[in-house]
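Full structure from sequences and hints, please.
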Amino acid sequence: MTRGFGICLIIMIVCELISAASQMLLKKSAGISYGSWIREYVNPWVISGYLLLFAAMFLTIKAYAYADQYMHVPMLETFGYIFVLIMGRIFYKEKLTRPRILGMALILSGILVYYALG
Amino acid sequence: MKSYGRIRQVLILQAIIFVYSVNSIAAKLASGQEAFSGLFLLYCGLEVLVLGIYAILWQQAIKHFDISVAYANKAMVLLWGLLWGVVFFGDRVSAGKLAGIAMVIAGVILINRGEHGNGAESNTAREEEGAAGEDLPGGGRS
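Line by line, the protein sequences give chains E and R. Position 79, counted from 1, in the first sequence is what this note's numbering calls 73; the numbers after and before it change by one each time, with no gaps. Here this note's numbering = 1-based position in the second sequence + 616.
If you are wondering where the hints come from, they were derived from the structure by calculation, not from laboratory data. Among the hints, erroneous ones may be present.
Claimed, not checked - Here chain R is said to cover these stretches of chain E; the calculated rule only asks that three of the stretch's residues, wherever they fall, bring their Cβ under 8 Å from a Cβ of chain R: (1) 35 to 45; (2) 62 to 74; (3) 81 to 92.
For each residue, glycine too, the CB sits at the ideal point set by N, CA and C.
See below:
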């Protein structure tokens, strides 16, 4: 593992934790019924959610600067799926069904295969 | 009828994810520029624009999904990323990379299929309960 990739990895883990937190805020808003469509976007949940996503966007640019291959970043973004699955379980009691766990395992194995064989 | 509507919702979600994938091109281009130079700001602006469009559409789409399922669909970004990598940034495709991405896509399909209607109940029911992803007895009638 090169130093650049190591830094890229750390940046992306922080970035995906932030992104996952932002998805929780967005989902909170999506579960509320608002009178108008403007209110669906202009509310504290969505605004704070997108502020977090904005911060994540700059972290992603930083990560690309350290990645020697373009595809490193999209691959590392997949950490987000695990974080969202765990946070969805904690905050919204979304079910960790067997297909979901298997699907997640398949996604992670795919990433390992991508790096091990690719 | 029901599963037909579900396929449509997943396809719409996938179209939104395609839009999202374009933002990574702008991010990669921005990373190659000196911070806060003209081109850097241009690519950042482009990224914000794409993310803005994605954001508006995403907020509508996630009403119909558990957030963990909707987010897992984003793994398809890898397929588009591979295409952008090859077309714009000279990345190489190999059998190993394709196998890895195929497994990721299989995982996404499994997650979408394994929902048991939990995320598909009507919005009204969801709003009245005030809690998304509330467990429903018998997997929910939808």
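Notebook entry, point to check: Do at least three Cβ atoms from the stretch 35 to 45 of chain E come closer than 8 Å to Cβ atoms of chain R?
Noted result: holds (count 3)
Item checked: Claimed coverage, the stretch 62 to 74 of chain E by chain R - three or more beta carbons nearer than 8 Å -> holds (count 9)
Next item on the list: Establish whether the coverage given for the stretch 81 to 92 of chain E by chain R is satisfied; the threshold is a Cβ-Cβ distance below 8 Å, and no fewer than three residues must meet it.
Entry: Result for this restraint: holds, n = 8.
Consistency note: the structure conflicts with none of the earlier hints.
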